[in-house]
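Undergrad: Spelled out from the first residue to the last, the chains are:
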Amino acid sequence: MNNSRSVNILRARYRHYAGVQLVTSAGHTLLWCWLVFSALFLRERIAGHESWRLPEVFFPHIDLARPRAADPLRFVVQLFWLLFMRPRATRVPRASQIKTYWHGRIAAKGRRWQDSLISVWQRRLFLQQRDDAVAGRHRVPLTLLLAAVLAILCITVPLDPMAQFIFGGSLFVVLLVCNRLPGRFPRMLMIVLSLLASCRYIWWRCSSTLNFDDPLGLALGIVLLLAELYAWLVLLLGYFQNIWPLNRPVEALPADSGRWPSVDIFVPSYNENLEVVRATIYACMGLDWPSDKLNIYLLDDGRRDEFRDFARDVGVHYIRRADNRHAKAGNINNALRQTSGEFVAIFDCDHIPTRAFLQLAMGGFLNDPKLALVQTPHHFFSPDPFERNLSNFRKVPNEGGLFYGLIQNGNDLWNGAFFCGSCAIMRRQALEEIGGVAVETVTEDAHTSLRLHRRGYNSAYLRAPLAAGLATETLSAHIGQRIRWARGMAQILRLDNPLRGPGLKLQQRLCYFNAMLHFLSGIPRLIFLLAPLAFLLLHTYIIYAPALMILLYVAPHMLYSSVVNANIQGRYRHSFWGEVYETVLSWYIARPTTAALISPNKGGFNVTEKGGLIHEQYFDWVISRPYILLVLLNIFGLLIGCWRLFVGPVNEISAVLLNLFWAVYNLLILGGAVAVAAEARQLRHDHRVQVRFPAMVKLPSGHVLQAELIDFSLSGVRLKLSPDAMQQIGQRLHLVMDRAGREYSFAMTAVFKGRELVGLRLCDQTPSNMIHYVQCTFARADNWVRWQSNMSVDKPMSSMAAVMSISVQGYRRLLRSAPKPLPQLLNAIKALVAMLRSLRPQPITVRVEEL
Amino acid sequence: MFTLLLSGVHGGVGTTAVAANLAAALQGQGLRCLCLDLNADNTLRLSLAARPEEPAGWARAMLDGGDWRDAAWQHADGRWLLPFGELNASELREVWRRLLNDESPLPALLAQLRELPMDCMVIDAPVVTALPNLDSLAVDCQIVVAAPDSASYTLLKQRGDSLLSATSRILINRLQSGVELNSDIAKLMADDFAALLLPSVIHEDLVIAEAEAQLQPVIVSAPDSQATQDFQRLAVWCSALRMRQRE
Numbered sequence: 001m002n003n004s005r006s007v008n009i010l011r012a013r014y015r016h017y018a019g020v021q022l023v024t025s026a027g028h029t030l031l032w033c034w035l036v037f038s039a040l041f042l043r044e045r046i047a048g049h050e051s052w053r054l055p056e057v058f059f060p061h062i063d064l065a066r067p068r069a070a071d072p073l074r075f076v077v078q079l080f081w082l083l084f085m086r087p088r089a090t091r092v093p094r095a096s097q098i099k100t101y102w103h104g105r106i107a108a109k110g111r112r113w114q115d116s117l118i119s120v121w122q123r124r125l126f127l128q129q130r131d132d133a134v135a136g137r138h139r140v141p142l143t144l145l146l147a148a149v150l151a152i153l154c155i156t157v158p159l160d161p162m163a164q165f166i167f168g169g170s171l172f173v174v175l176l177v178c179n180r181l182p183g184r185f186p187r188m189l190m191i192v193l194s195l196l197a198s199c200r201y202i203w204w205r206c207s208s209t210l211n212f213d214d215p216l217g218l219a220l221g222i223v224l225l226l227a228e229l230y231a232w233l234v235l236l237l238g239y240f241q242n243i244w245p246l247n248r249p250v251e252a253l254p255a256d257s258g259r260w261p262s263v264d265i266f267v268p269s270y271n272e273n274l275e276v277v278r279a280t281i282y283a284c285m286g287l288d289w290p291s292d293k294l295n296i297y298l299l300d301d302g303r304r305d306e307f308r309d310f311a312r313d314v315g316v317h318y319i320r321r322a323d324n325r326h327a328k329a330g331n332i333n334n335a336l337r338q339t340s341g342e343f344v345a346i347f348d349c350d351h352i353p354t355r356a357f358l359q360l361a362m363g364g365f366l367n368d369p370k371l372a373l374v375q376t377p378h379h380f381f382s383p384d385p386f387e388r389n390l391s392n393f394r395k396v397p398n399e400g401g402l403f404y405g406l407i408q409n410g411n412d413l414w415n416g417a418f419f420c421g422s423c424a425i426m427r428r429q430a431l432e433e434i435g436g437v438a439v440e441t442v443t444e445d446a447h448t449s450l451r452l453h454r455r456g457y458n459s460a461y462l463r464a465p466l467a468a469g470l471a472t473e474t475l476s477a478h479i480g481q482r483i484r485w486a487r488g489m490a491q492i493l494r495l496d497n498p499l500r501g502p503g504l505k506l507q508q509r510l511c512y513f514n515a516m517l518h519f520l521s522g523i524p525r526l527i528f529l530l531a532p533l534a535f536l537l538l539h540t541y542i543i544y545a546p547a548l549m550i551l552l553y554v555a556p557h558m559l560y561s562s563v564v565n566a567n568i569q570g571r572y573r574h575s576f577w578g579e580v581y582e583t584v585l586s587w588y589i590a591r592p593t594t595a596a597l598i599s600p601n602k603g604g605f606n607v608t609e610k611g612g613l614i615h616e617q618y619f620d621w622v623i624s625r626p627y628i629l630l631v632l633l634n635i636f637g638l639l640i641g642c643w644r645l646f647v648g649p650v651n652e653i654s655a656v657l658l659n660l661f662w663a664v665y666n667l668l669i670l671g672g673a674v675a676v677a678a679e680a681r682q683l684r685h686d687h688r689v690q691v692r693f694p695a696m697v698k699l700p701s702g703h704v705l706q707a708e709l710i711d712f713s714l715s716g717v718r719l720k721l722s723p724d725a726m727q728q729i730g731q732r733l734h735l736v737m738d739r740a741g742r743e744y745s746f747a748m749t750a751v752f753k754g755r756e757l758v759g760l761r762l763c764d765q766t767p768s769n770m771i772h773y774v775q776c777t778f779a780r781a782d783n784w785v786r787w788q789s790n791m792s793v794d795k796p797m798s799s800m801a802a803v804m805s806i807s808v809q810g811y812r813r814l815l816r817s818a819p820k821p822l823p824q825l826l827n828a829i830k831a832l833v834a835m836l837r838s839l840r841p842q843p844i845t846v847r848v849e850e851l
Numbered sequence: 001m002f003t004l005l006l007s008g009v010h011g012g013v014g015t016t017a018v019a020a021n022l023a024a025a026l027q028g029q030g031l032r033c034l035c036l037d038l039n040a041d042n043t044l045r046l047s048l049a050a051r052p053e054e055p056a057g058w059a060r061a062m063l064d065g066g067d068w069r070d071a072a073w074q075h076a077d078g079r080w081l082l083p084f085g086e087l088n089a090s091e092l093r094e095v096w097r098r099l100l101n102d103e104s105p106l107p108a109l110l111a112q113l114r115e116l117p118m119d120c121m122v123i124d125a126p127v128v129t130a131l132p133n134l135d136s137l138a139v140d141c142q143i144v145v146a147a148p149d150s151a152s153y154t155l156l157k158q159r160g161d162s163l164l165s166a167t168s169r170i171l172i173n174r175l176q177s178g179v180e181l182n183s184d185i186a187k188l189m190a191d192d193f194a195a196l197l198l199p200s201v202i203h204e205d206l207v208i209a210e211a212e213a214q215l216q217p218v219i220v221s222a223p224d225s226q227a228t229q230d231f232q233r234l235a236v237w238c239s240a241l242r243m244r245q246r247e
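Respectively, the protein sequence lines represent chains S and W.
Be aware that the first sequence starts at 1, since it is given in this note's numbering, and climbs by one per residue.
Be aware that the second sequence starts at 1, since it is given in this note's numbering, and climbs by one per residue.
With the rest of the complex left out, here is chain S (with noise of 0.2 Å):
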């Protein structure tokens, strides 16, 4: 009833143009398209005026029903002078004020006014009023129609390659405008556009590159094809995702601590070193709440005595179990049922809480009765293997900062933030509910919050870093810890399908599974780096497609979608990094997470190892041996590529140059993962945490001294003075830090003396020393807050230049400690490469005198 009533409408518009004459067949299509265009366009009154009737209003020379052949020149004078000559017209009554006036006629009249007879005016303001109802309901699914049918138009035809040349061109420019724009709308203009390129390349992809007359073509151009969709997928889940970082904002707690909930704190330990777990329950111990409401539990799983005589000694509660079921998540069931906490934190033993902690995250939990989950970041004070192999410790950000920064952020908007098993409160109640962490997989932490959230809980995340703790320390430990994410993903997946099953929103659904996407990247990853070799080597064309083709389409998709991601992306991960690490990771998740997928219920769970130490540089061979042999393929297949150009046929050289250009790029991001394989070392036990802030140091002789702390480990500090203050420093000396207004005064030992620097060890090491010391170096509330101030903001193209060094160091070191020719040649070849650089002119200073 509606179409036939907006059809009528339309009608009544059309005849009020066409009068009484005779409608040419132009004239009737141009009136046709002005109607509609303008009813769904539009709005209603465009300066002053119904918006359908604006051409005879502005152009009253010219009829829309009988077009002249002068017309469109009439059409640009009067649109000149309209836009630049008028003088400036006299105000007409606003829209708003008219509709209020009819608004009341219609109150005080009723449904009879539509019989009497009322001024011509009045009967306009009635149409167009109803036009507005009917126009309003169709406008948005219609658009929503156009935009789809545009948008498929876009992805769907074909283009001969000027034009595509030219499409993906403009948009390009576009596109680089968009950049330059602040806000979020230009961004999500740039995700459209990148999503088109995208999808337009895929269907192309899908529709004409495949050469179904060659079976091993066909079946190696399937494989890759199958690899480009799970890229695709996960760049729109991707997008999907990161729309709208949420970035919530800290909620404040009722003024009265009695209001404030009793909190249970979980610290559960299985191997790890005493050393590591003081200091967190240091920290625990000094969290700013009321200490009648808050319990500190130390979950040992390995049944550890001096554990026990540890937690004796500073008083905090002790729990160990009789078996190891269930590894973490067993560990923290057994704690539940023996604990009543309204709420749990759970720290892992090295995750060191600023004091700030609680009070910052409870108050979300007060305000919202169904809130289960509160996540802060993992940070880390220690570089992870990444940071300390590549030397890169705090200027570029590190694998987890993209998850952390952003990707929980996004989760957020869409209320699907997960648990990441440590730095989290979890509401007793709903954890009960569910009966208790998660034990099915070996990632417990998503599981469970997946499960929260299927009961209709909901979960929040505050990006401030309020806890900080050691990354792992070896490759070998990372790439361990890596695998058991990925597999316990896998396992979810195929246990407990985030895209099935009861109570999860559609956005949810989404976030999951793009979070579980993430992790089967594994075997993709490893197709892209051999796909070049299917031509160089095998000869066959697995993209059956001219090579100018595949340009002009892959291009436009890979430019845009790492120009957006720069955008989006920019300050948690650079350009290029993530194919570093996911090339990494790439050959060690991709078997088990296909295990996992196959049979989900195998395997254990792995504890990740650290706080170790590493005494000696050495190149891991064991751990690169997969990226070597892939390096040795690429060149390998780079030699074939270099014969081929010049002995193949002469129609087959762009394709090589492409299949070339693909190798050498795959070569540079293995450089990347080879680079990483070279094991800095790593030999203080202590991890010193670098950072600014004033003390002073007082002297036996009863002088105090300002200084600057520079870094803190747990069992002691080095400080800054002046050279002259550095004169007075003698072997014992007191340092006073600052918490809270408060000072704490701490005995110390000078271990070393520079010029301006002097290395403090801390003397007094019992409980209640080290709680104020823990308190005043480790859990500072505004510790890690600035810790990534000095971090730069992505450029692709510096970027792109920082992972070719790391790629050439990466090949130097494995040259370097290749087996006995290849260090060899390494050295001839440095050799040979500073002789000819000495051998060009050399720039000389000429003295005036001699001239």
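Rather than coming from a laboratory, the hints here were simulated on the basis of the structure.
Each hint should be verified, as a subset may be incorrect.
[Stated by the list, open to error] Which bits of chain W does chain S cover? Going by a derived footprint, with three or more residues having C-beta under 8 Å, they are: (1) 85-97; (2) 185-191; (3) 196-208.
Computed from a predicted model, the values in this text were never measured in an experiment.
Glycine included, C-beta positions come from ideal geometry on N, C-alpha and C.
Fit chain W to the known structure of chain S by using the hints.
TA: Positioned in the frame of chain S, the structure of chain W alone reads:
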């Protein structure tokens, strides 16, 4: 001229040393400073390296009917000093009688001093109870110096109303950070007088006494000491207050 008045909660909290060093720090920040001693002890001059045998001062001049301008000295770093003057017992009694009188000559003296082409005046005043009509001086800020000991805290709690006015701020002097009693009382003061407590404290430091013996301010004799930083912070706070009041 921005006028700062420092007086102790009770005797022996180190007001004179704070006044001398604060004035030096203010002078170091480019403010022309005048130090006025209202104490009969006449000790501020010792911190400012005046000749000990010199008897002149504003009180001396007042009794002798002379001009206080003849009693003012300038320190090498630019600070001006107007000492109290050396008086014997009967003269002192006469001065106190006049000062405690309703017709106290002090406001007139201050009015004259304010006419001088200087930026700020630091007044080292006696304990508040010794000279009750200090509030008639209309100073811009009164800094009440307290030590982190039980006497200071008790007096602040007990006499807070009469001791403190709208322009008052409490400064904790001689804080020994390693000493639990000191930290605890400082914390109590911070909790009870949150709005009145100055954001910085002065730590107990031997260099303050040493600087006095060397006839130098701390910021010159021991630039690396914590005390230097403490006084500089306090001076920054004072000059910020001065800027705010000028606006």
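Undergrad: Which of the listed hints are broken here?
TA: 1
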